[in-house]
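Student: Sequence:
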Amino acid sequence: MPFLFDACSFRYSRRIPVLEQLNLKLRPGCSALLGPGGAGKSTVLGLAAAALVPRSGSVRYRGLDACEERDRHRYRQSVGLLPQESRPIPGLTVREQVSYAGGLKGMTRADAWERAEWALDRVGLRGLRDRRSHLLSRAQLRRVGVAEVLVHDADVILMDEPMAGLDAEPAAQFRSLMGDLGSELSVVVSAARIDDLDGVNGALYDEVVVLDQGTLRYQGPAKGAAKFLPPVTEARRTLCG
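To convert, note that position 230 of the sequence shown is 230 in UniProt numbering; the numbers rise steadily by one, no gaps.
It is worth saying that the hints were derived from the structure and are not from the lab. Every residue, glycine too, gets a C-beta built ideally from N, C-alpha and C. Worth double-checking, as some hints may not be accurate.
[Unchecked claim] Quick list of the computed label-pair ranges, beta carbon to beta carbon: (1) S58 to I16: 19 to 25 Å; (2) V53 to D155: 41 to 47 Å; (3) E169 to T108: 34 to 40 Å; (4) H134 to A172: 34 to 40 Å; (5) L104 to D167: 26 to 32 Å; (6) E169 to G106: 17 to 23 Å.
Throw the hints in and build the complete structure from the sequences for me.
Tutor: In structure tokens form, the structure reads like this:
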């Protein structure tokens, strides 16, 4: 089942709208959201995760409406969001942190504890399960974030610029993990540059969506996306970071 964004509008406080009447269908598989800073990528992921609520319009997945109170709990169980910065929880071991994430999704303590072991094994961190999470590297914390999604058996994992700040080797390892996950569940990844997409011409992804200032510019194969990317001017670079 696809994500369906129907006439979605969103703004932070009284600022200029980030999204205005966005219509978008994200199909099952591996998708990439591509665009410069300020394009609306993180907002789309936040809406897809039901972490944000649109000012108007709706977001649906598997027949569940992220904006409806009666659907929200089941919706959030199906979807997991990996933010750009995965943060350790002070005092908790890696396994405890992943188990805690399962508890937040409604799992029993016993089920979350057992499932955390499997999730950490899946992301290659089983050997670090008893280490305090604040001692991990940035790349390892990204993997913990993935385990926090896997622990509650989500159908979709949303990743906000997961390659940002990673050195070449950890980034390559994380891309390999993403490729493995893509054979088991749907993956939606945001990226600021087309170079951040894996493989030749983003071969990992079934489709690429280009956003610019909250507007859909392109949706289709990765090889056709580059010409729709807006130039990043110095003024825009200063404003958007």
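Student: All hints, please: hold or fail.
Tutor: Do the hints match the structure? See the list:
Range check, S58 to I16: Cβ separation about 22 Å, and the 19 to 25 Å hint holds. With their beta carbons about 21 Å apart, V53 and D155 fall outside the hinted range of 41 to 47 Å. Checked against the given bound of 34 to 40 Å, the beta carbons of E169 and T108, roughly 38 Å apart, stay inside it. Range check, H134 to A172: about 25 Å between beta-carbon atoms, so the 34 to 40 Å window is missed.
Checked against the hint of 26 to 32 Å, the C-beta distance between L104 and D167 comes to roughly 31 Å, which is consistent with it. Hint check: E169 to G106, Cβ distance near 37 Å, so the stated range 17 to 23 Å is violated.
Comparing the model with each numbered hint stated earlier shows that hints 2, 4 and 6 do not hold.
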